[in-house]
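Novice: So you can see what is in the structure, the chains are spelled out below.
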Amino acid sequence: MSTRIFGSGIKRREDPRLITGGAKYTDDMALPGMLHMAMLRSPYAHAHIKHIDTATAQGMEGVVAVYTATDLSLGAVPCAWLVPNSDLKTPAHPPLAADKVRYVGDAVAIVIAEDRYLAQDAADTIHVEYEVLGAVVNPEEATQEGAPQLFDDVPNNIAFRWIASSGDEGVEKAFAEADVVVKDRIVQQRLLPTAMEPRAALAQWNSGTGEMTIWCTSQNPHIHRFILSGMLGLAEHKVRVIAPEVGGGFGSKIPVYADEALAAWASMKLNRPVKWAETRSENYLVTIHGRDHIEHVEMAATSDGTITAIRGTVYAGMGAYLSTAGPGIPTILHGLMYCGPYTIPHARCESIGVFTTTTPTDAYRGAGRPEAVFLMERLIDQVARKLNMDPVELRRKNLIPPFEDGYTIPLGLTYDSGNYEVALDKALAMIGYADFRKEQAEARKQGRYLGIGVTTYCEICGLGPSQVAGATGFQGGLWESTIIRVTPTGKVHAMIGASPHGQGEETTFAQLISDEIGIPVEDIEILHGDTGNTPMGWGTYGSRTTPVAGAALVLATRKIKEKARAMAAHLLEAAVEDIDYEDGKFFVKGSPDKFKTIQEATLMATLAWNMPEGMDPGMEASQFYDPPNFVYPFGTHIAIVEIEADTGIVHLKRYVAVDDCGPQINPVIVAGQIHGGIVQGVGQALFEGVVYDEHGQLLTGSMMDYAVPRAEAFPEFELDHTVTPSPHHPVGLKGVGETGTIASTPTVYNAVIDALQPFGIKTMEMPLTAARVWEAMQRRNGSANGSTNGVHEGS
Amino acid sequence: MQVSITVNGKRYERNIDPRMLLVHFLREELGLTGTNIGCDTSQCGACTVHLNGKGVKSCTCLAVQVDGMDITTIEGLAQNGALHPMQEAFWELHGLQCGYCTPGMIMASTAYLATNPSPSEEEIRGSLEGNFCRCTGYQNIVAAIKSAAEKMQQEPVGV
Amino acid sequence: MRPGKFAYHRAETIDAALELLTNNEDAKVLAGGHSLIPALNLRLAQPEMLIDIGRLENLRGIQANGSLMIGALTTHAQIETSAAVQQYCRALSAAVSKVGDPMVRNRGTIGGNIAHADPASDPPTVLLACDSIIHLQGPDGTRTVPVQDFFLDLFTTDVQPNELVTGIEVPNMSDHKTAYAKLTHPASHYAVVGVCVAVKMDGDTCDHAHVAIGGALPKAMRSPGAEAALAGTTLDDAALNAAAEALMDEIRAEVMGDVYAPEAYRTAMAGVYLKRAIRQALAS
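Residue numbers (the working numbering), protein chains in the order written: chain X, 388 to 1182; chain R, 56 to 214; chain P, 2 to 285.
Read the hints as simulated data drawn from the structure, not as lab findings.
There could be a bad hint or two in this list.
As the list claims (entries may be wrong) - Distance condition first, Cα-Cα at most 30 Å in a straight line; then the derived DSS-like pairs of lysine-lysine:
1) R/206 to X/1040
2) X/398 to R/201
3) R/109 to X/773
4) X/981 to X/878
5) X/1040 to R/201
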């Protein structure tokens, strides 16, 4: 028997084009007669537009057209997650601002020119007269009396108010009766997703056929087609959206933005292809930001370390407009996960979505779940400190016991499967937890500050049952579909609606198919990203491609297998029930030498010279898959840090991650997802953070100011895993795209706070820059000058 | 302005606007789109190419500045259809995900090995200070460079 | 990533470059381009003309003859790998090896670096600590400026509109112990604080010390207070602490803060990195 392809770390099949420069990203495309679009964007965070003068630009060399809002016939940019029971306000988001701009970067005019330099030259000459209004960048302050109002019909800038509760009475009672209560104010700072490829779009209108083709940097081309056809007023079947090679997304390429719609509209208007490509500065200004919560959270526990309740109020910055999935992030994907992997009986999350004069926020890797895990892990450490308990033992005491098929938490979700303590123990053994505590004590005597942070997490992904999507206001389904087509010679085209952009499904999905029917991976091509040749699907985000599209793929492959089995039975003149299968061969039970290969069965089915009665020719199957539940991967991450006493610089010394995403199709690719996720999460803990000034100007608008983590900041990560299959997935798979990011932020954060225990530090704002850490140590040493800079002493 | 630039061994004569960046010359004049653009402040390294054998950021260089010089891009790294050991190593060790930073990573690291053929892990991490990756967490990139260095020590290749 | 329009002239001789500079008020000099081109890309600079001096080969290279003469067009990488620089002034090797990244160092030039006068840049601090001399050439001939008088303010130098930096003269510091210690900004990789020291030892005693600080201030500065605190001591902890205090006192009023490093932190780090620089120098 050959080595099983499922579970094998084979080399990626997408790589040859990527390592030779042969891949084609959107901005690599060029079409004859192509024009370039540049945007004129508001330099003010909040202002009335009094007058726009485009005369100079119109007359410039190479300029084909200049448009402002009054020229447009284009629908508003819609929000697609209309969270119910939240009094959601959805003020219109015009593609170009007409009378008012609401953040620095809000587009005011577009220039279409023969090349991108000339387009920029002309945009620079457009004169806009603004009447500047007050800015507000802090979501909590924006709700207060007297704050600048972004929309006339949205009082106090409150976009929505949403509550998840296990029962308010029970929550109140638990807090009233608690032996200990810890409270914290957490700032989940804004982050810049920073996919290495900035966004871009190329639109080609064919006036002869009435067809619009849009190449764009999308994680979900079918959603783009769905929304763009509406905005453009075109029939959906006349719009083709292609996400070619896409250079990372991390959530930032889920939303439909004005930019791609404007390029398409201009292409129709001018009857020429129009390309727009973002610069990095533009990316930082207008592509969605992530996080931006101000949270007031508290946890109740009994003196023996049993957590009895958790509750919080979240002010979630939505930015100036509601982005595509914006409202769903701090609500559905956040509040419902307030219990984490723990047996906490009472929980309540109130999430207040707030408009501010800033870039819109939306899903950024983890999207709502990192925030939930962070506040949980942070509060647990504080409870442990208050009770003088080991934080690991406190976690262990409250973990949900192992379950294989469903565990319902007080907030209503039913986790699929979990075995949390095993992962915890494995990670503790890897790091040498007990020994470390001794080393830490020794080091402290020498004035060295070592710290350890532990996170036990579970998260919700594999979005998700469409019924739940509908019930939570998501304006789409969350199923996936696939068509598997076997050619006469036994090669496979598998077309999926999801749209991978770095995650490696061209490899892992070929492994899934190969594992089911024995066709070698070299003979399998996974087609994705083009609405013109793939069936509908809702996209790649929320760690859903493998759990959802992968399930569709497995089930479709099994249909192929059953048809091939019937064909083989016919050819072998045996009954179908008597046919066994192994390694791509169908044979009569007990006679493995008498077989037909999957390729032979396919060829004969395709030739159709001699078909079984009632069987159609060909070898093709399609499958829709709407998952019955979400999947809930979990694990334990542990970090050790050392803090330089005189500078406050945090050195990450070791990082252990034990994750459980069920069976792994390709462990090398799984590890890669975790590595990248860890660095992104550590980025939030230590380096990254958007800063606006009080006028709404982005102070971190380039890579000179926004610290993207570099290689030098990290040790080699130590990974292991456990395997707990999802009971409802055909092969037990869970998602793994976000676990690293979800777990690593609190892990490193808690390690730093642990290291700072000699200084009595209880809580600090992220990122934990050297300056902040140093200041915290100074304050405790009594030699600082009273600056607060995000540091709060312990009680 | 008239320039003559040799790219991947082939000489190109073009009349260009002096403000054209080298990266745009490669991508738009020559159609060599393997070299990517990831920032506008000389930080990310996605646009790294070799100029007369040394790593440079092609977004921070005007095409007119390199008139008469030799450029190698990711498209020119494989010789006679055989991948460069660095390309092999990135593939073998899963040193890429979305692939956008990859051409720059490969060009930067091949140039780096020319100055330090047998680097430690720490040195490799340090050498990547001008190349950002948002997908891989760098771990497999570092491993790939280390592996390529070891292979190249055994069987030297020209870059 | 889309520079504005400009006229471009490639100078074949220094005289030709100077003539162009004299006749074009809004011209900028282009050397390696690693200060200028990012500014062009963001359209923060939109000069009418660029004068490319990148091919003036006589401005490139390092001569060690009593002192180091480093041509303005010498790249950071060339300085970093120069055995002569390593011998004459170890701190300069160290500082240029911390500029930007390997690709930036391959193109960026020392002349362009100092003419740009970015306060967070590394080389100026070393040049200041080592009493270097800047060589300039204008239409009326050449002149030299002690580096102390060269940097005037943020992005402002003594280079006149019709002058070029032609070279940097660094004294032979091999009888000193020199070091450059830097706290690196996590985003830009520029210096949050950079301290260069050059100490002359007489047995166990410090005969004299030169101390310069960059990164934290509008321009790199010498620290007379720290130098006085170190001279005549054995560079023990007490002396280092006194020097650090003196340095911090001198700069406190002028320190620039930013999102990453507020004023108080930068001030304190000046002291920390001064001590680190001295310890590194002594260990060298």
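Novice: Taking the hints in turn, state whether each one holds.
Specialist: Structure-based check of each hint:
1. R/206 to X/1040: holds, 29 Å
2. X/398 to R/201: holds, 18 Å
3. R/109 to X/773: Violated, at roughly 57 Å.
4. X/981 to X/878: holds, 23 Å
5. X/1040 to R/201: Holds - the C-alpha atoms of residue 201 of chain R and residue 1040 of chain X are around 21 Å apart, at most 30 Å.
Hint 3 alone, counting from the list given before, is not met by this structure.
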